[in-house]
Amino acid sequence: MTALFTDRPGGRTSVRLRRFAGALGRFLGAVVLTYLGLLAVTFFIGRVIPIDPVLAIVGDRAPEHVIQRVREELGLNLPLWKQFVIYLGKVLQGDFGTSVLSSNPVMQDIRRVFPATLELATLGTVIGAGIGIPLGVWAAVRRGGIADQLVRVMALIGYSVPIFWLGLMALVVFYARLGWVGGPGRIDVVYEYTVTPWSGIMLLDTAIAGEWEAFANALSHLILPASLLGYFSMAYISRMTRSFMLNELAQEYIVTARAKGLSESRIIWRHALRNAAVPLVTVVALSYAGLLEGSVLTETVFAWPGLGLYITNSLQNADMNAVLGGTIVVGSVFIGLNLLSDLLYRTLDPRTRAR
Amino acid sequence: MSILLDVQNLKVAFPNRDGDYVEAVRGVSFALGRERLGIVGESGSGKSQTGRAILGLTAPQARVSADRLTFDGIDLLKASPAERRALRGARIGMVLQDPKYSLNPVMNVGNQIVEALQAHRKVGDREAREQALAMLAAVQIDRPARVFDLYPHEVSGGMGQRVMIAMMLIAEPDLLIADEPTSALDVTVQLQVLSILDRLVAERGMGLIFISHDLRLVSSFCDRVLVMYAGRVVEEIAAADLGAAQHAYTRGLLSCLPRLGEHRHPLPVLSRDPEWAR
Amino acid sequence: MTEIVRTETSLRAWLMSDRPQSRRQASLGRLYAGWRTFARNRLAIVGLAIIVALVLVAIFADALAPYSPYQGDLTRTRLLPPSAAHWLGTDDQGRDILSRIIHGSRITLLVVVLVAILAAPIGLLVGTVAGYAGGWIDAALMRVTDIFLAFPRLILALAFVAALGPGIENAVIAIALTSWPPYARIARAETLTVRRADYIAAVELMGASSWRIVFRHIMPLCLASVIVRVTLDMAGIILTAAGLGFLGLGAQPPMPEWGALISNGRLYVLDQWWVAAAPGAAIFIVSLAFNLLGDGLRDALDPKAGS
Ligand SMILES: Nc1ncnc2c1ncn2[C@@H]1O[C@H](COP(=O)(O)OP(=O)(O)O)[C@@H](O)[C@H]1O
Ligand SMILES: [Mg+2]
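Chains as they are written, first to last, in our numbering: chain G, 1 to 355; chain F, 1 to 278; chain H, 1 to 307.
Don't take every hint at face value.
One side only, chain H facing chain G, incomplete, derived with CB under 10 Å [claimed, not checked]:
| id | residue |
| --- | --- |
| 1 | G72 |
| 2 | L74 |
| 3 | I147 |
| 4 | P166 |
| 5 | E169 |
| 6 | L247 |
| 7 | R266 |
To list a few chain F residues with every Cβ distance to chain G over 12 Å, as calculated [to be verified]:
| id | residue |
| --- | --- |
| 8 | A90 |
| 9 | Q112 |
| 10 | E115 |
| 11 | Q118 |
| 12 | E154 |
| 13 | D179 |
For the chain G half of the interface with chain H, some residues (derived, Cβ under 10 Å), not all of them [as the list claims (entries may be wrong)]:
| id | residue |
| --- | --- |
| 14 | Y159 |
| 15 | I163 |
| 16 | Y175 |
| 17 | L178 |
| 18 | A277 |
No lab work stands behind these hints: they were computed from the structure. From the three backbone atoms N, C-alpha and C, an ideal C-beta is built for every residue, glycine too.
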């Protein structure tokens, strides 16, 4: 971020800053609108549920005046827009109501399960970007070579295979048959209570506690679902990297770099990839967001106690507050990642800093 | 005068969709000392491909052949990729047409110059920066320290091209290939850039290959002119003798040059003879 | 014999003519040229063949399936591994898995077709109206589109199904509701490129109403790109539907929907892996076919778009 505001000689900084602030303001406006839209959709979905929330509380044999009183308590007699404003106020304070299933505030439940998803999706993205970007670069540099074919095939499979099925088959092979990895869940039951859930991120907590046996166990549970998500992320990232790199390598500035006598590796990594990184940031952010979504199915397969499993469990038990709360959190993360990738985009590309 | 670059029967061929090779450069020969050679010809006549073949920047799918291609006694056809890379930028430089596209948009121009120097000389960062600033001053940029930190989109076309020249001259090459260095610039800026190029080439005693489609520019700027048509050299002539050009194509190009105060209607059109391309 | 050859070559000449005599000849010629590009792409042809096979299997499911998809013999054929009698084995109810997959192809096709005919028109309408009207209508419609695009698709579909209740119809509605935004984007972009064209101005001068212009003159032009995009999305639609089925929110038992079959097989997967393996492979093959077909169509209709 600091690079944005460094003072360049010439006194143009204030103009640049103002333009940047203007662009950022417009963008933030769009973010706020999108967020309102998100809440409007969840509000609307909450309103059209066939289950009458009043009857859910009082039962269907309650006398008329009781029903009436509960209606008023829930604010259901107010005009729709007032209900929406109240809803907005609550959501913005992090009040998603109470979960029928756990009888806890939904926010409290989500706080408990979110780190597990974060751990899974983050490791997945690290795997996906860590392998996908070099692979995509390689595919672009040696067009038609092994890496290029690999990227093509992986992308095709990634877009065609059901993630939950691949997860099940991976469990059969790597857990049941080969015994290489830990099975479903985050950690074996024996270790379950040996570490305090300080951050909720298992690898971190076990490492801080110095429980290396538990750490290894947690890693053996994490590696398979994370690799699964990593595969999908890698399929997408490598394909996009390849296409961005092909585009950059065909530019004139690459000819200039060659004419200067730079080494091929410098041309590829410092010139072409540095330019491709500008759109790649968005791709990696999108893929990270996509993994949060993919975690709904993956967590179900691997009994991974994260947000995805929380949402599906709530769904199967018609726990609407929990479902909508989870939806809002995932949507917020999506919007947040969009915001972050836009900021990174602006710092990486000097041309957008001025505009 | 000693020969710096010797090109005999240079051919560059690209594969088409059916796998047959189509020659873009069809047997170009010339020799060059520390002088200024102009190459003119219409668009697509193979000027750029000739220049790029000398630098070893021909696209990998293309086929390059020549009876002789030597630079300062080095056989370029036998040189390894690493040896050719060591020549590029250090002993042969190239200025491309449009600074808007030929500078890396996400690296500041100063570092692009420093990088060109450090690719060939063991120079510390501070020393390299000093040299780059001096080079920027040499291409008549007023406040080098300020321009050093700018990104390509923040400089004008004329300044961009001066940066490009600074970048290609900083390692002090013996030969500079300038491929339409002013075609993308405004007319007034063209002259400034040309005079800077002119002075630096003279001061440093370099050889220059000046590629252009503008015969008048080439004739006023160079000692000798090659006229290319459809991948071949159709005429080689001293700039001073252009008026006595033999080839019909060269004369055609000359007669297309407008002169002040002359009223011409209809405008002359270059007529082509399929014989020339044989 | 020579007769046929001659008419064939003259037909090709007629189709490939660069001076078509009629509008029909021109459009047939264009189709033929597109087909030739498409047919050169072998993988796309494989994709097309698989989809044709899928349609045939769905039509003749009753004749092709060796056993009933709903009735099994609990006492004798429970969880049998693949064998000559049951090529893909049997499930926990003793039902033949191959027969269930064959019948499940109908559900897959139905979902794909229904989502396409629900979502494509919505996207087409929103996009063309936004692009043609411009101004605040455009701004408002595109903002709505962006909001939907900003949502994680599966999660949004889950929330819709949660509200509407589980079931295959609601799954279709939920997927359609989350599928249209990209089509709207594409249709709008296409509309913007043709909106200022002379022939649109000519129709405007003739006093055609805005609706007529949008429906008769702009929508047909946007159709091709939207169709390509829908084809490319089919795999995604199939995967989302299967995902909903897997979570128990799509087709309900005893319907042999492929995602639900995997969900059912999940309980036995560590020992009787084939119960879950076969339906997943079916989903994979069909999704792959749609992806190959979509890539081929895109390259044939718009050579620029390929990467
Ligand atoms: N990458 C390429 N593939 C195929 N043909 C090429 C390629 N690059 C250049 N050519 C052909 O080489 C010929 C000469 O090009 P060029 O040297 O750039 O012309 P000039 O610089 O004189 O305008 C052109 O006719 C062009 O068709
Ligand atoms: Mg050229």
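Checklist entry - So which hints don't hold here, by number, going up? => result 1, 2, 5, 8, 9, 10, 11, 12, 13, 17 and 18
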